Each structure stands twice: as structure tokens, then as C-alpha cells.
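*Asks:* The chain contents come next:
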Amino acid sequence: MLNKTGIAKRIAQELEDGFYVNLGIGIPTLVANYIPEGISVEFQSENGILGMGPFPFEGSEDADLINAGKQTITALDGAVYFDSATSFAMIRGQHVQLTVLGAMEVSENGDIANWKIPGKMVKGMGGAMDLVASAENIIVAMMHTNKKGESKLLKECSLPLTGTGCVKKIVTNLAVLEVMPHGGFKLLERAPGLSVKEIQAATEGSLLVEGEIPEMELS
Amino acid sequence: MINKVVTNVQEALQGVKDGMTLMLGGFGLCGIPENSIAELVKKGIKNLTCISNNAGVDDFGLGLLLQGKQINKMISSYVGENDEFERQMLSGELEVDLIPQGSLAERCRAGGAGIPGFFTPAGYGTEVAEGKEVREFNGKPHILESALHADFAIVKAWKGDTAGNLIYKATAKNFNPMMAMAGKITIAEVEELVPAGDLNPNEIHTPGIFVQRIFQGERFEKRIEQRTVR
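Protein sequences appear in the order of chains F and H. Note that the first sequence ends on residue 218 in numbering that gives the first Met the number 0; no numbers are left out. Note that the second sequence ends on residue 229 in numbering that gives the first Met the number 0; no numbers are left out.
Errors might be hidden in some of the hints.
[Unchecked claim] Just so you have them, the derived chain H footprint on chain F, three or more residues with Cβ under 8 Å:
1) 16 to 23
2) 70 to 78
3) 82 to 93
4) 129 to 142
[Claimed, not checked] Which residues of chain H face chain F? A partial, calculated answer using Cβ under 7 Å:
5) G14
6) G27
7) C29
8) F59
9) G79
10) P99
11) G113
12) I114
13) G124
14) E132
15) R134
16) I223
17) R229
[What the hints assert, rightly or not] In silico BS3-like pairs for lysine-lysine, Cα to Cα no more than 30 Å straight-line:
18) F:K167 with H:K42
19) F:K119 with H:K72
20) F:K115 with H:K16
21) H:K16 with H:K42
22) H:K131 with H:K168
23) F:K115 with H:K158
24) F:K147 with F:K115
Source of the hints: derived by calculation from the structure; they are not laboratory data. Remember, predicted model here, so these are calculated numbers, not experimental data. Glycine included, C-beta positions come from ideal geometry on N, C-alpha and C.
Same shape as in the complex, but just chain F (with noise of 0.2 Å):
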């Protein structure tokens, strides 16, 4: 089984030189640090930052540069500052490679749910509906199941949607999946040291598992 950071590192190989990515907070945020040698890519934040860097030194923070999680941050190198309608045009306008967000529930036709609970939780949904409604490429990071053990990777969502079929591929601390076309959670990897068995267990929406499953292979 993974944990947070073996998420974030099975994502990063999902990274390809010239990418755009906008990363969500939480887990998505830790895939910049396992960016893979050899290929460049550019953060894009969407409260208004492309080439986002790390996070500053102690005493050199700066109120006005923070990322969409209101953390402070740098910039790098060739970096640009921009206005909201300005970055959601990047977003609705297909020009970011990669969407990285986490989930409280996705079903098996893509459908995904991220942002309320009712009578609860009601936080909003930031830009996280506008980023899976337009984005062609979009993984969602989480953990398999929830804190009361029960599965993530449903049938159907029971919470309200943040939208719909529009998730493509789910990497959790047990699984990497697929979301087929014609609905289903496509096995494509194992963690390490899991079985398909340990999965199936753990997925309440129609596992498809085809022929012999690989682990995941993580540096």
C-alpha cells in the first residue's frame, strides 16, 4: 500500500516534457517534487501564476505570491502573473496538459465529487468544476477508501457532483485505474505487495481486471 507521497510519485510519471499542469491541493500538490529528469514542465496556479517554484526560504515570504491553496510560494525563472478570467481561459480553453485533483468519491462512468457534503461540509467548489468540465486530461489523487474504510471508487457518487464523466485515470494508495468509455475501473497497476483480491475488496464500483496485473513501479 501506498501512502501520500508514493501517490504523488506514481503520478509524476504520468508528466511529459512541455506540460502545462495545474495541480490541485492536498496530494496533487506533492507531485512537484518528483518532477522526472529530463523533461521540463510549468505549474500553472489558477489564482494567477505560470512557473510556479518551491515554496520560499524563511523571511523571504511574500503576501502578494501565494498558490490556490494560499500558500506562499515562489516564482521561477520566466514566470508570468495574470488575472482570474485570464487563467480560467487557459483552463476552459484546453491550453493546460495535465489536471491533478483529489476526490471524495468518483463513479465508475467518470463522474466526480469534490466539493460539499450536505448539511456538513460546504466549502465550494474554488475552480475545481471549471478545471474537470474542460480539462482532456484529468487524474484524480486519493486514497482508495475513506476514513471509515468504505470504497471511493463507486457505482455512483452519493454527494454532489463537481461534474460529470470526465474523470479518466484515478491513482490511490492501492491502484492505478482507468475509466473506460463504456463505464468500469479498468486495473491497470497494483501497489506493491497488494492483490487483485485486496483491491476488489476495496472498490465498490465494476473492477475490470484483464490478464496479468503489473505493480506499480516507483523509484
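Let chain F serve as the given structure and place chain H on it in line with the hints.
*Replies:* Showing chain H alone in chain F's frame:
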């Protein structure tokens, strides 16, 4: 040059009354018009509808207006950093319209640009789409979103000149340029106010035509919400 300068925040906020709709720039606590917010708290103006991406934190930014129950309705995309906000919303004291962030930005921009509405894919198939017209473009469903307007738009810039031209710094730009366009009256509070001619016209972000009143803020705390270091 038309002179847009007002002497202080009190003069800038003249005419802001109970029940009005305000736009306030900022993302989190970054780029918020903090001098104007403090003055709104002091004036005790009530029943406001506030259009702002976030609602501040409990003791800073728009959170201060919420503490005083001065806001009736919030139009935002994300309000997760504010316990008082969540309490007022779940108890029904506060009306809240949550809007996808890109749609919020574009609705402000549309308001300022004379575009009454536009179609976007964001929110299709979700609660956000309820009651909205759906139309397919290139085989993909989109929902109709309408322009937003405000009686007053209150924005914060890094530098401004006496003609109302504005330059923002780094990610403190965020919603400020669109909101500046969408106010019937737009108030800009700036860290540094300079004479017309001192800013390079090539580097101005918001043209002064969108700004009716400008003043240099007395004090900027510029609080950091999530101080994160290496």
C-alpha cells in the same frame, strides 16, 4: 488628465449604503482592499450583498463584516477558511451563492464588458446548472451564465496614478481587474499613489477609465493566510 484622487477612505466610500451590492477583489487574503473593508466595518453598513471569491478568515478581510452580521448574501467560489461563515450559512442566517471560480471571474468580466451572458461547460450536470439554460456546442453541453454588476467595486492595486490607472503585484492581481470593470463606481485603494505620467503606459493593467475614485491606503497589514516555507 481627469483626476480621480480622493483624500482618504472615508471620502472613497461616500454613497455606499445599506442593501447595496459590492464587489471586493482578492483571493484569500491576497490582494484584498483591507483599508476599505475596515472602514465598511466602522461605518456599520448592513444588508450587503458581497461578490468576492472568498470570505476572508474569521478575524480578517470579509470575515470582519461577517462578524458584525453586515452581509446578507455572499457570492463566492470558496469559503472554506472561515468558521463564522460556515456557521451563518448552515444556520440559514446568510444566503450564499457558490459559483465555479472561472465562471465567477468571467461573470464579472462580462459585467464590465457589456456582455449579458455566456455559455460555459463548468457546472453542467451539477447543482450549479439547476434552472439554467443548457445548449450544446460541438456536441458538448454548456450552461448559460449571466453577467454580474455591482453598485460599488472595491479593488486593491500595488501602484496607481492620479488618472486611476492601476498596476497589480504578483498574484494579488486575481479578481481585481475584472471587478474594477464591473462596478457602477469603482474604488481603488493602492499602496503607492503617483502623479499621472509616472507609470509606464506599457505596464498598466487596469486603464483609469474603469476607476472613479483612487486613494492611497493608510496601512496595509497584508496578512499571510498559510505561511509555508522550504
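*Asks:* The structure should be examined with respect to each hint, and the outcome stated for every one.
*Replies:* Structure-based check of each hint:
By the rule of at least three residues with a Cβ nearer than 8 Å to a Cβ of chain H, the coverage given for the region 16 to 23 of chain F is violated, with 0 such residues. Residues of the region 70 to 78 of chain F lying with their CB closer than 8 Å to a CB of chain H number 4, which satisfies the three-residue condition for coverage. As drawn, the region 82 to 93 of chain F meets chain H at 7 residues by the rule of a beta-carbon pair under 8 Å; at three or more, the given contact holds. With 3 residues having a Cβ less than 8 Å from any Cβ of chain H, the region 129 to 142 of chain F passes the three-residue criterion, so the hint holds.
Interface hint at G14 of chain H: violated, since its Cβ lies 27 Å from the closest Cβ of chain F, which is beyond the 7 Å cut-off. The criterion of a C-beta within 7 Å of any C-beta in chain F is met by G27 of chain H, whose closest approach is roughly 4 Å, and the hint holds. Among the interface hints, the one on C29 of chain H holds; its C-beta lies about 5 Å from the nearest C-beta in chain F, closer than the 7 Å criterion. For F59 of chain H, the shortest C-beta to C-beta distance to chain F is roughly 12 Å, which exceeds 7 Å, and the interface hint is violated.
Contact between G79 of chain H and chain F, as hinted, is supported at the beta carbon level, the nearest pair being about 3 Å apart and thus within 7 Å. For P99 of chain H, the suggested interface contact is upheld, since its CB lies about 4 Å from the closest CB of chain F, less than 7 Å. Evaluation of the G113 of chain H hint against chain F yields a violated restraint, the C-beta minimum of about 15 Å exceeding 7 Å. With its C-beta approaching chain F no nearer than about 12 Å, I114 of chain H sits outside the 7 Å limit, and its interface hint is violated.
The interface hint given for G124 of chain H is met, as the beta carbon of that residue sits about 4 Å from the closest beta carbon of chain F, less than 7 Å. At its closest, the beta carbon of E132 of chain H sits 16 Å from a beta carbon of chain F; the interface hint therefore is violated under the 7 Å criterion. Taken as an interface hint, R134 of chain H does not check out: its beta carbon lies about 14 Å from the nearest beta carbon of chain F, beyond 7 Å. Among the interface hints, the one on I223 of chain H holds; its C-beta lies about 5 Å from the nearest C-beta in chain F, closer than the 7 Å criterion.
With 7 Å as the threshold, the beta carbon of R229 of chain H comes within range of chain F, its nearest partner Cβ sitting at about 5 Å, so the hint holds. Of the pairs offered as hints, the one joining K167 of chain F and K42 of chain H is violated, with about 51 Å between alpha carbons and a cut-off of 30 Å exceeded. Restraint check for K119 of chain F and K72 of chain H: the C-alpha separation of about 20 Å stays at or below 30 Å, so the hint holds. Straight-line distance between C-alpha atoms of K115 of chain F and K16 of chain H comes to about 33 Å, which puts the hinted pair past the 30 Å bound.
Pair hint K16 of chain H plus K42 of chain H holds up; C-alpha atoms about 10 Å apart against a cutoff of 30 Å. About 36 Å separates the Cα atoms of K131 of chain H and K168 of chain H, which puts this hinted pair outside 30 Å; it is violated. For the hint pairing K115 of chain F with K158 of chain H, the CA-to-CA distance comes to about 38 Å; that exceeds 30 Å, so the pair is violated. Among the hinted pairs, K147 of chain F with K115 of chain F is consistent with the structure: their alpha-carbon atoms are about 18 Å apart, no more than 30 Å.
Of the hints listed earlier, those the structure fails to meet are numbers 1, 5, 8, 11, 12, 14, 15, 18, 20, 22 and 23, in rising order.
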